[in-house]
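K.L.:
So you can see what is in the structure, the chains are spelled out below.
2 protein chains.
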Amino acid sequence: MLTFHSEDTKQRRPRIELDGGRFVTPHECPERVDMVIDRVRKIGLGEIRAPRAYGLEPILAVHDHGYVAFLEHAWDEWGAAGLEGEPIPSIWPARRLRGDRIPNSIEGRIGYYALAAETTLCARTFAAAQVSKDIALSALDHVVQTGEPAFGLCRPPGHHAAIDQYGGYCFFNNAAIAAQRALQGGMGKVAILDIDFHHGNGTQDIFYARDDVLFLSLHGDPRQEFPYFLGFADETGRGKGEGFNVNYPLLGGTDYAVWANALEDALRRVRAYRPELLIVSLGVDTFELDPISSFKLKSDDYLDCGRRLKALGIPTTFLLEGGYAVEEIGINVVNVLTGFEGS
Amino acid sequence: MLTFHSEDTKQRRPRIELDGGRFVTPHECPERVDMVIDRVRKIGLGEIRAPRAYGLEPILAVHDHGYVAFLEHAWDEWGAAGLEGEPIPSIWPARRLRGDRIPNSIEGRIGYYALAAETTLCARTFAAAQVSKDIALSALDHVVQTGEPAFGLCRPPGHHAAIDQYGGYCFFNNAAIAAQRALQGGMGKVAILDIDFHHGNGTQDIFYARDDVLFLSLHGDPRQEFPYFLGFADETGRGKGEGFNVNYPLLGGTDYAVWANALEDALRRVRAYRPELLIVSLGVDTFELDPISSFKLKSDDYLDCGRRLKALGIPTTFLLEGGYAVEEIGINVVNVLTGFEGS
Ligand SMILES: [Zn+2]
Ligand SMILES: [Zn+2]
Chain Y
1 MLTFHSEDTK QRRPRIELDG GRFVTPHECP ERVDMVIDRV RKIGLGEIRA
51 PRAYGLEPIL AVHDHGYVAF LEHAWDEWGA AGLEGEPIPS IWPARRLRGD
101 RIPNSIEGRI GYYALAAETT LCARTFAAAQ VSKDIALSAL DHVVQTGEPA
151 FGLCRPPGHH AAIDQYGGYC FFNNAAIAAQ RALQGGMGKV AILDIDFHHG
201 NGTQDIFYAR DDVLFLSLHG DPRQEFPYFL GFADETGRGK GEGFNVNYPL
251 LGGTDYAVWA NALEDALRRV RAYRPELLIV SLGVDTFELD PISSFKLKSD
301 DYLDCGRRLK ALGIPTTFLL EGGYAVEEIG INVVNVLTGF EGS
Chain G
1 MLTFHSEDTK QRRPRIELDG GRFVTPHECP ERVDMVIDRV RKIGLGEIRA
51 PRAYGLEPIL AVHDHGYVAF LEHAWDEWGA AGLEGEPIPS IWPARRLRGD
101 RIPNSIEGRI GYYALAAETT LCARTFAAAQ VSKDIALSAL DHVVQTGEPA
151 FGLCRPPGHH AAIDQYGGYC FFNNAAIAAQ RALQGGMGKV AILDIDFHHG
201 NGTQDIFYAR DDVLFLSLHG DPRQEFPYFL GFADETGRGK GEGFNVNYPL
251 LGGTDYAVWA NALEDALRRV RAYRPELLIV SLGVDTFELD PISSFKLKSD
301 DYLDCGRRLK ALGIPTTFLL EGGYAVEEIG INVVNVLTGF EGS
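Top line first, the protein sequences correspond to chains Y and G.
Residue numbering for the first sequence follows UniProt numbering, beginning at 1 and increasing consecutively.
Residue numbering for the second sequence follows UniProt numbering, beginning at 1 and increasing consecutively.
Derived from the structure by calculation, the hints contain no laboratory data.
Here are the computed distance ranges between Cβ atoms for each label pair:
hint, chain 1, residue 1, chain 2, residue 2, range
1, G, A209, Y, L60, 39 to 49 Å
2, G, E31, Y, E57, 47 to 57 Å
3, Y, G55, G, L56, 56 to 66 Å
4, Y, L289, G, I102, 23 to 33 Å
Facing chain G, a subset of chain Y residues (Cβ under 7 Å, in silico):
hint, residue
5, G85
6, W92
7, L97
8, Q224
Calculated from the model, a selection of chain G residues having no Cβ within reach of chain Y, i.e. all distances over 10 Å:
hint, residue
9, E7
10, Q11
11, R13
12, R49
Backbone N, C-alpha and C fix where the C-beta goes; we use that ideal spot for every residue, glycine too.
Isolated chain Y (complex conformation) (with noise of 0.2 Å):
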């Protein structure tokens, strides 16, 4: 399978993270790039190649204009105005605050645009996550073209970016931008099936209103797990988009057999469907000995979750999202995608 890469991405390095009070190491780090292209490499999983520019366009396609051009300039901006820490939100449009009211001041954009403060808008955030898309549309374009599955090694990832909205580590919603050049390009339907540990709650929010793209998400409980506030069963999306949004909520402790029962009704939901395109949001931090996760799959499991993918028979891209127990994430990827292969 090829792999779409660019040492890039590495660009963006974010010295903390928010966690329970306290700064922390981020967990999304370069070097889970440096140990998914190892093991690409030492598995021999096929051809790596770089991504091409695509530039602003297909973002444009499917965020907001002003969240594109504020995650342009929020790191420039947020320095100007002598603010010395990386930037994060100290306070956002709240419950009981207005929502339809953009701040002047980059403290109150940052909060506005912001879907939690985790994430820090380091410098170099935007060039990172428009090489990141450029990984997921070179990954695309050559599924489209070919028929054949590739893997886009994405990072920043994408799956919490909403319309405007950046946190939980994601700028851009790569798998949304993909699909949507999918659809441009002359394909009906397009299924994505995320199966990072997290709701994907910015690709929910950017299809949820449309019948073009099934939304298909396994992940841990809301009322447990991060984002909290979004990925309930009950939300099946609206209007024309009503039935095309799937949200399958697992409980912590969760292990393969229990998650693969959800696997495989949403490949039944697929298969109903008939896309022309599979995307797999792809995380890992499903991986029992993920940091900031609790579901319990091995290395192993994740053959079993890529033969069961490739059983669709249907074109596929895969690109990554989440993973945070680092040691492993080369592996466990990996897995999922030479499982596909059937090797």
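Starting from the known structure of chain Y, fit chain G with the ligands onto it as the hints suggest.
P.N.:
Showing chain G with the ligands alone in chain Y's frame:
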């Protein structure tokens, strides 16, 4: 003028405040209380009395029961979850997320109930906030019983605390709790004048649909200043409360001449309302040296402010809100009170 004071307000001793992407020493610190009470003693403002205990009932008259229970147990639950930092939210029901589900996990719940993230829920916060409310109610009762003015040296402050939200250093809305008690005691109309630098979003929230409390706030324009997402001039009340909420957003750099113009307009409206009681949310972060604000009031201006308030001729309860130029907070607060006394 009588002052109500308790050393127990100093039980709340947060170690950190999230500010500009860094942890700084909290601006809202116990030393504020020392500076004010020292000045009260030094100039001989009048007798200093301890508050009596009023329990939870007056709080529950304006705040949500679930919110109060959350505040009571948050510190213990945070520790029980193994979280080692001071309790700070890192996610919340942002735009595009659901505000109708309260998470089970403490990390989710702290975000549900938070207005902002600068304010930690450290040990003894609930106890200190209870004492602060007792001080407010003791001052209120004295004014109601005697017609004489009184000063409640409240800490933590209250005006940002909404029906079910804490933040901006506030937990229980002392001014709202006092106003509600006055009304329940038989008064028909109460005015709350908020002269803190920041918009009194919590007080506005609590009385927004009511006509028995006239709320007026002079504050930094929310396009530029905390709380950013409330405090605009077009917020005039809802339903029966239409016309009983008055906001005066003022630009950074506002000096006393401009500020006093807005004050006179507010006082004119108070007179027209003919309240039986005036509660002043007395913040002095309008001071030119305040570290987190942008108005340009000078210490002598507070004397004049006090004189103008006195001219209303309405029984008046002063309750301390903000003011973070610690060295001068005593002088500035007590200048308002001595201006009012005519001394
Ligand atoms: Zn994840
Ligand atoms: Zn203030």
